[in-house]
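Colleague: Working from the sequences, and respecting the hints, build out all of it.
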Amino acid sequence: MTQFTAPAIDWAALTPMVVVFGAAVTGVLLEAFLPRTARRAVQVPLALVALAAALVAVVWRWTIVQSDGPREVVAGSVIEDGPALAAQAILLIIALVGMLVIADRTETGEGSFVASGSTRPGSEEEERATRAGFSQGEVFPLAMFSILGMMVFTTAGDLLTLFVALEVLSLPLYVLSGLARRRRLLSQEASLKYFLLGSLSSAILLFGSALLYGFAGSVRFADIAASVATVSGMDTLLLTGAMLVLVGLLFKVGAAPFHAWTPDVYQGAPTPVTGFMAAATKLAAFAALLRFTYVVLPGLAWDLAPVLWTIIALTMLLGTVLGIVQGNVKRMLAYSSIAHAGFVLLGVVALEQSGVSSVLFYLLAYGLATVGAFAVVSLVRERDPEGHVTAEANELSQWAGLGRRSPWLAASMLIFLLSFAGIPLTAGFIGKFTVFTAAVQGGLGPLVVLAVLASAATAFFYVRLVVLMYFSEPEGEVAVVDSDGMSTVAIALGVIGTVALGVVPGPVLDVLAGAATYLP
Amino acid sequence: MNAEIPILTILVAWPLVAALVLWLVRPLHGAARTYGIAVSLVEVVLAIVAVALFDVVHAGTVQLTEQVPWIPAIGASWALGVNGLGLTMVLLAVALVPVVMIARQPGEGGPDWGWVVLVLLLTATVVAVFSARDVFLFYVLFEAMLFPVYFLVGRYGGPDRRRAALKFLLYSLAGGLIMLVGVVAVHGYGPGGEQAFLIDNLAGNLTASEGAERLLFVSFFLAFAIKAPMVPVHTWLPDTTQQADAGTSTLLVGVLDKVGTFGMIVLLLPLFPNASAWAAPVVVVLAIVSIIWGGLVALAQRDFMRLTAMTSVSHFGFIVLGIFVGSATAMTGSMIYMVAHGISTAAMFLTLGYLEKRGQSQWIPNYRGMQRVTPVLAGLFLVAGLASIALPGLSGFVPEYLVLVGTFEANWLAAAFAVMGVIIAALYVLLPYQRMFTGPKEEGIPGAPDLVAREKWAMAPLVVAMLALGFFPGPVLDVLTPIADSSAPLVQTVAADNTTAMAVEGSAK
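Chains as they are written, first to last, in this note's numbering: chain H, 1 to 520; chain B, 1 to 509.
It is worth saying that the hints were derived from the structure and are not from the lab. Warning: the hint list may mix true and false statements.
To be verified - Selected chain H positions facing chain B (Cβ under 7 Å, derived; list incomplete):
{"no.": "1", "residue": "Phe436"}
{"no.": "2", "residue": "Ser455"}
{"no.": "3", "residue": "Phe471"}
{"no.": "4", "residue": "Gly506"}
{"no.": "5", "residue": "Leu509"}
{"no.": "6", "residue": "Asp510"}
Backbone N, C-alpha and C fix where the C-beta goes; we use that ideal spot for every residue, glycine too.
Modeller: So this is what it looks like as structure tokens:
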């Protein structure tokens, strides 16, 4: 009988993820056992402190990796190297800012989440729950589980861990998307769409993993990369497997033609969750995509190039063209995020050393601006005939004259929109510049020209919102609510980050460039 | 290798800080106009200090340099420096701002303080653009300067201002983004490293193939052609000036558009000399089309702000012609044209702004016989118009003459067409003057008062400048000629004809 040797697990290396996991599990227990009135007061600080502690842990691990070098943890399932830690750090920063927006209940005291998710929309129970002041405190542990999944997603060293992390990050998001307080049917529809399409794409990723296992005899990225170089004769298996895994990952980032879920889910989900999803999920998915592409795919670059080029071009075009015709702010930002996914894919496919650091910087800039922009969206509300503040005012026409109504909010939105458009002196410009430079070095010249033209077109719909905010008269019953402090901090962090990274990006760029080598 | 006093950074920082202070300190909002005039006059003094520090004898070299690493990972530096052309442009920009501030009708279109903040921001960016010696920095500022103008037009403009502001922004952004591809690519073809984007490091060191260099040239040229503006990408200018207030139009056409032609001389010729020589024939043709088309369309305008915009298109045709035709004389003429045009356009826009305030309309047929009602205004418009059509003794003559003589040296056919532009120019200034100012008084206009003291104070420096440049162009020519001598051979080797040089300068060099 063979002796089972347990693998040596370097628990210290897993500290960031353990912290987040512990906070998530504790959150579930607290939600179950604490009295109703005490829950929120404990859950919110727990989540924020845990994320901050995880960030500190990541920085500590970063110093260790700097001195001792990267390593495999848990027998190769988790890889602790520069890009993984950099991605985790950026993820935790974005998650912190996003958590502030999720926790915010605005001056109305209501927040963006439904009082009791299990009640049917429009029913008696829903009304009773709302009047009684219930709240779904599970939102915080769900978000923490999702963040845990994202963190493991960025450091996964083999396809199975990748799949498990994908599920751990996605399942809470499916639930969170359905918990909007207003327009609940739309929210539940979004949740269902996300679940169905997400499960399908996870299944496709699993199938691709199986094919790659068949090709390489192992699910580990390092082994697959070695097999790509040495094994021959099973090209169909390899190419199909790689393509299917890519499809699964591209679905998560919202690339065309796997983008169809993005507008509906972004519109239906509660706005803080949309901001969190748009920024953090994209970051985690791109980090995993970067690892898969740079470690496994370099040998396949020639074969996969036509498909990848088509996907990138299609993504940029679809995001741009469809974004121009949108009349709803959340859908417009959803299509703009599709276009951004296209730009970031340029850096991924460039297969250059500078591609990794430029993609990570772009996603940091984009993440801060996105969370901030959706936080602003969550504060612009409608007013019903009796004067009560109701749902969000998401139609573009309702944003007219915001510059006069609340100058600071409109100015913050202006800065976020400028960053999206890639105007110099914002972080978005530096991100675009570095990604385009990496892409040109990687031989993607024509795509860069297309990207630049698409950027000009996306500038049109960002500027249209600016025109509405600043040069139009306010109309209709729109109220701008104040946040209860947390969203304000989040928006302020977003603005400061966007401008600081736009004017002095040097230090951050240097750190990311130093973090850009993969282990296998 | 930095200058002892970072005067250029001070010139950039002063209006920026002043704008921030005005924005944040609420009590100043009531005295915004006075604050703005004071700040811009201090800026003029600082610019004179810069002139004092500048060594005029070696005007062809870049002086007052400052260089600090900004983003070493990309190779971008905060690198400033001016040669004679840069210094002249900075002076023009800085001198027009107080004029525009004094001329502004109080409370026109919105609260004054917002207007003053935006104009000061614009001043800072424009001074920085004209002093930039790093391609990345130049690009950043090239885009950044659009936003103050966008808000100036969109907030303080006429009834259709939103559409005009949007058109301006999208045209300029499109050009800028096309230039972005060029900037990204230039980095790849250059020596690289932490100072990769310095113009001095890139000029002559690009390893691009012939085709690649031509594509790079096109990407930069397109952005500059939109900015200049040249036919056929000029249509944003008449719409924007029609809607913008007179002060904004002055700064837009008199200063901002010069960045396009400035970029052609400072970036296109040194960085892509072979491609410039290759493209020169096409560019010359486009320039001539601009001259004639701009003039003819100006003649057809019934709105006097659009008319002035189209006359600028025609003038910029002359400037681009002088740059690309391959003669040092013509290039000197182009550079001094940029200064002269800035002054005469400012005068024209401001006088027409005064007229618009009195008649409440920009429509030419609405005015008749104004010289009896407002003789000083009529006289000023006439002086500005004659300067713009190159009457000897006023600022426009020397530049136009130099451009035409230089063009004739290089290509007599081009000169023949360009001269037609001069004739059309006479028409597009004198015909509106006749229609609006001569003849019997129009009944519809109430007894409009002639210019008040504030308006006269704004126009006085411009008139003095037009006369000074007309009678004593020597100092400015001395500062600009060395640059032309070094830049012109890059386009085409044309031996500067000694006899022509003697005819122009009155003595052999």
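Colleague: None of the hints should be skipped; say for each whether it holds.
Modeller: Now for the hints, and whether the structure bears them out:
no.: 1; hint: Phe436; result: holds (5 Å)
no.: 2; hint: Ser455; result: holds (6 Å)
no.: 3; hint: Phe471; result: holds (5 Å)
no.: 4; hint: Gly506; result: holds (5 Å)
no.: 5; hint: Leu509; result: holds (4 Å)
no.: 6; hint: Asp510; result: holds (6 Å)
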